[in-house]
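In order, the protein sequences belong to chains A and B.
Converting from the first sequence to the numbering used here requires adding 1 to each position, the first position being numbered 1.
Converting from the second sequence to the numbering used here requires adding 5 to each position, the first position being numbered 1.
Quick caveat, the hints were computed from the structure, so don't treat them as lab data.
One should not assume that every hint holds.
[As the list claims (entries may be wrong)] Listed below are several chain A residues computed to face chain B (Cβ distance under 10 Å; list not exhaustive):
(1) Gly-28
(2) Pro-77
(3) Arg-105
(4) Leu-109
(5) Thr-138
(6) Val-139
(7) Tyr-144
Where is the CB? At the ideal position from N, CA and C, for every residue including glycine.
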Amino acid sequence: MAGGEKELDEKYRQLDEVIERYGHQEGQLIRILKEAQDIFGYLPEEVQTYIAGKLDMPVSEVNGVVTFYALFHTEPRGKYGISVCMGTACYVQGAQGILDEFRRQLDLHEGDTSADGLFTVKSTRCVGACGLAPVLTVEDEVYGKFRRQDVAKLLRKYRRREVIAGDQRAERPDRYPEETAPGH
Amino acid sequence: MINGLNDLIDIQKKRLPDINARREKPGDAAGWQVLVCTGTGCTSSASHQVREELAKQVQLKKVQARVIKTGCFGFCKMGPLVVIYPGQTLYCLVKKEDVAEIVEKHLLEGQVVERLLYEEPASGERKRRLSDIQFFRAQYRVALRNCGLINPEDITEYIACEGYFALADVLLNWTPAQVVDAIKQSGLRGRGGAGFPTGRKWELAAVAEGPVKYVVCNADEGDPGAFMDRSILEGDPHSVLEAMAIAGYAIGAREGYIYVRAEYPIAVDRLERAIAQARQYGLLGRRIFNTNFDFDIDLRLGAGAFVCGEETALLRSAVGERGEPRPRPPYPAQCGLWGKPTLLNNVETYANVPVIIREGPAWFASLGTENSRGTKVFSLAGKVLNTGLIEVPMGTTLRTVVFDIGGGIPEGRQFKAVQTGGPSGGCIPERYLDTPIDYESLKQLGSMMGSGGMIVLDETDCIVDIAKFYLQFSQDESCGQCTPCRVGTKRMLEILERITLGQGQMGDLNELEELSREVMDASLCGLGQTAPNPVLSTLKYFRDEYEAHIRDKRCPAGVCRALLDYVIDEEKCVACGLCARECVAKAIIGEKKGQPYFIDRQKCLKCGACLARCPKGAIYTA
Numbered sequence: 002m003a004g005g006e007k008e009l010d011e012k013y014r015q016l017d018e019v020i021e022r023y024g025h026q027e028g029q030l031i032r033i034l035k036e037a038q039d040i041f042g043y044l045p046e047e048v049q050t051y052i053a054g055k056l057d058m059p060v061s062e063v064n065g066v067v068t069f070y071a072l073f074h075t076e077p078r079g080k081y082g083i084s085v086c087m088g089t090a091c092y093v094q095g096a097q098g099i100l101d102e103f104r105r106q107l108d109l110h111e112g113d114t115s116a117d118g119l120f121t122v123k124s125t126r127c128v129g130a131c132g133l134a135p136v137l138t139v140e141d142e143v144y145g146k147f148r149r150q151d152v153a154k155l156l157r158k159y160r161r162r163e164v165i166a167g168d169q170r171a172e173r174p175d176r177y178p179e180e181t182a183p184g185h
Numbered sequence: 006m007i008n009g010l011n012d013l014i015d016i017q018k019k020r021l022p023d024i025n026a027r028r029e030k031p032g033d034a035a036g037w038q039v040l041v042c043t044g045t046g047c048t049s050s051a052s053h054q055v056r057e058e059l060a061k062q063v064q065l066k067k068v069q070a071r072v073i074k075t076g077c078f079g080f081c082k083m084g085p086l087v088v089i090y091p092g093q094t095l096y097c098l099v100k101k102e103d104v105a106e107i108v109e110k111h112l113l114e115g116q117v118v119e120r121l122l123y124e125e126p127a128s129g130e131r132k133r134r135l136s137d138i139q140f141f142r143a144q145y146r147v148a149l150r151n152c153g154l155i156n157p158e159d160i161t162e163y164i165a166c167e168g169y170f171a172l173a174d175v176l177l178n179w180t181p182a183q184v185v186d187a188i189k190q191s192g193l194r195g196r197g198g199a200g201f202p203t204g205r206k207w208e209l210a211a212v213a214e215g216p217v218k219y220v221v222c223n224a225d226e227g228d229p230g231a232f233m234d235r236s237i238l239e240g241d242p243h244s245v246l247e248a249m250a251i252a253g254y255a256i257g258a259r260e261g262y263i264y265v266r267a268e269y270p271i272a273v274d275r276l277e278r279a280i281a282q283a284r285q286y287g288l289l290g291r292r293i294f295n296t297n298f299d300f301d302i303d304l305r306l307g308a309g310a311f312v313c314g315e316e317t318a319l320l321r322s323a324v325g326e327r328g329e330p331r332p333r334p335p336y337p338a339q340c341g342l343w344g345k346p347t348l349l350n351n352v353e354t355y356a357n358v359p360v361i362i363r364e365g366p367a368w369f370a371s372l373g374t375e376n377s378r379g380t381k382v383f384s385l386a387g388k389v390l391n392t393g394l395i396e397v398p399m400g401t402t403l404r405t406v407v408f409d410i411g412g413g414i415p416e417g418r419q420f421k422a423v424q425t426g427g428p429s430g431g432c433i434p435e436r437y438l439d440t441p442i443d444y445e446s447l448k449q450l451g452s453m454m455g456s457g458g459m460i461v462l463d464e465t466d467c468i469v470d471i472a473k474f475y476l477q478f479s480q481d482e483s484c485g486q487c488t489p490c491r492v493g494t495k496r497m498l499e500i501l502e503r504i505t506l507g508q509g510q511m512g513d514l515n516e517l518e519e520l521s522r523e524v525m526d527a528s529l530c531g532l533g534q535t536a537p538n539p540v541l542s543t544l545k546y547f548r549d550e551y552e553a554h555i556r557d558k559r560c561p562a563g564v565c566r567a568l569l570d571y572v573i574d575e576e577k578c579v580a581c582g583l584c585a586r587e588c589v590a591k592a593i594i595g596e597k598k599g600q601p602y603f604i605d606r607q608k609c610l611k612c613g614a615c616l617a618r619c620p621k622g623a624i625y626t627a
């Protein structure tokens, strides 16, 4: 597919820019990998090899770093990444039950991504919004005081967004969440 | 561009009226100042919408008011927070829809919007002023001095609060040895967890030989349930930059690195802005204050590995490698970043430094206890009314923190324990609540200061489950290099899992203790050496709860699902049907307004949603 290739070329061009910016600085591998992951959505073998080549490092070294840190993933993710905070405050307020409920409703037995490729669900390290515990994030949106019973509603909301938006993703600010958490 | 002390004083003079108005000191700042918290907690509950709406309406109605972004006020439970000066009026849980009323009533008519004021839970009294609220009254802010007071994205506000004056003083009037001495005399100890004397660390780095040295800041807060470092970075990033420059001068370094978690986007963003502004003002870079001192700071991103809180692991990760710890010595002071002498402190430690220089080491040493000077920031969370960020003098009792500042346990439940120190710490039961908090006293109780996470547990929390939670965390985060940590914690976790599933044996408890000791003794780094703490401390104080799981196959707190059955009390059930609506498994059977409902044990997922929903308290676990 020509369009797909073009898109891929564009991604590699962006990656080149990143390597250009940080590659000459010592010890910026993690930064480069993070930016690469932001560009490609994940870090497939080819991207790791590409980065290793550009930085003149063994691929094994790059892969060793990728596999060491929780931030990096090597498999494609769903369109919406749902991260359930597993900080202690969230845990004692029932975060495990919420995670289990997502897995049950999305039928996730092995792996974290739903069959329709829409949702990836995983636990995450402390978000640091303990006053809103239990907390989860969907991409950049934060949902506080979440309850197990809200799981179905949340999934419905994003599925509906897909139907409405078609292929176009709703616009969202870069960093700051846009919506109020349910239960507020 | 700042060339000398006079430039700094000029900026301060210009901005001081604003700050004085917020400090309630006489000044001539004109108009209202409306401060909106933009820390992660408030941002998560959409404080930016409130801020935008405020700015919009202020402009629309031509009110003489400025809307100002600040860092965390600490009162996270009540966010989004808005404070209005003059008058120091605190509005809680402010929504976008409330803004019109605030602008109309408060800013135009000068009246208070009563319904948005904080209501003291004990007395039901509405408190108008921030400083009258119990949560703030027992606190003493040193490291958090500027959080919630200044706009973290505006360097001149930091300068107005005497920011960079300590650096100026040190560069113009002090010798490096005097700086190290001052830190030593202050008695400051590392706030990252271990509590190593900071001045001693600086001394070691200062005497280390070599033309190139580094100053590093550990901003990789990995403890679950801890967010004080993040709040300082978000609320007062310049205090860390200033302290690092002072440290650089003291030990003879010209470069600094902040190792910050990539998962803290707001903190990273504010740090980047702060560094850029400091460079623009000449407070970082070459010939600072026209002296021969050059110093610059760069960021390095952490990518999510708890073990990187360990200093040798952090230093490896900061140069882009796998964050695996190595044995010490050599210590980072001799062999750190790229093999060069390196001074490594955590965010909160640095945040104290400029104040120590300004107010003098004796002042700092007068706070706190004999062996633990100064104050400590805690992130208070869990089953406590006022969750948030607090700072108290060392030696404050746990009871004051949990019950006075924290406001006690919600919903009339019983206090069970307070967990301090995260995965390296332990659980402290009620009978030790009057213990003054310092490094030694917590250690004596089998817990730890750690970085300052404090999670309150109530009677509905299962102690075995909590121990399992922390051990699971340590097991996941073990770097796997050394066997005691990798395999030992795994075996311990298996035992705990068995116990929570009702398959434990009494011998398991002794085995847990034995394994704990071995893992502690034989592990390479702090992660493994402290990983068994949650298990040991809970075994020590809550052994009966472990025994109930093993002997009676019962979870007294009603958490371990394999040991529970959810039952509806027929006497109490009014057949309202709320429980059945809540049940995702459709396990609750009955007819509205008919006979009492009942729960199909086969279908029940034991999620507890019905129990939480029942208005009559008719559902219980057995």
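Going through the hints against the structure:
no.	hint	verdict
1	Gly-28	4 Å, holds
2	Pro-77	19 Å, violated
3	Arg-105	8 Å, holds
4	Leu-109	16 Å, violated
5	Thr-138	9 Å, holds
6	Val-139	12 Å, violated
7	Tyr-144	8 Å, holds
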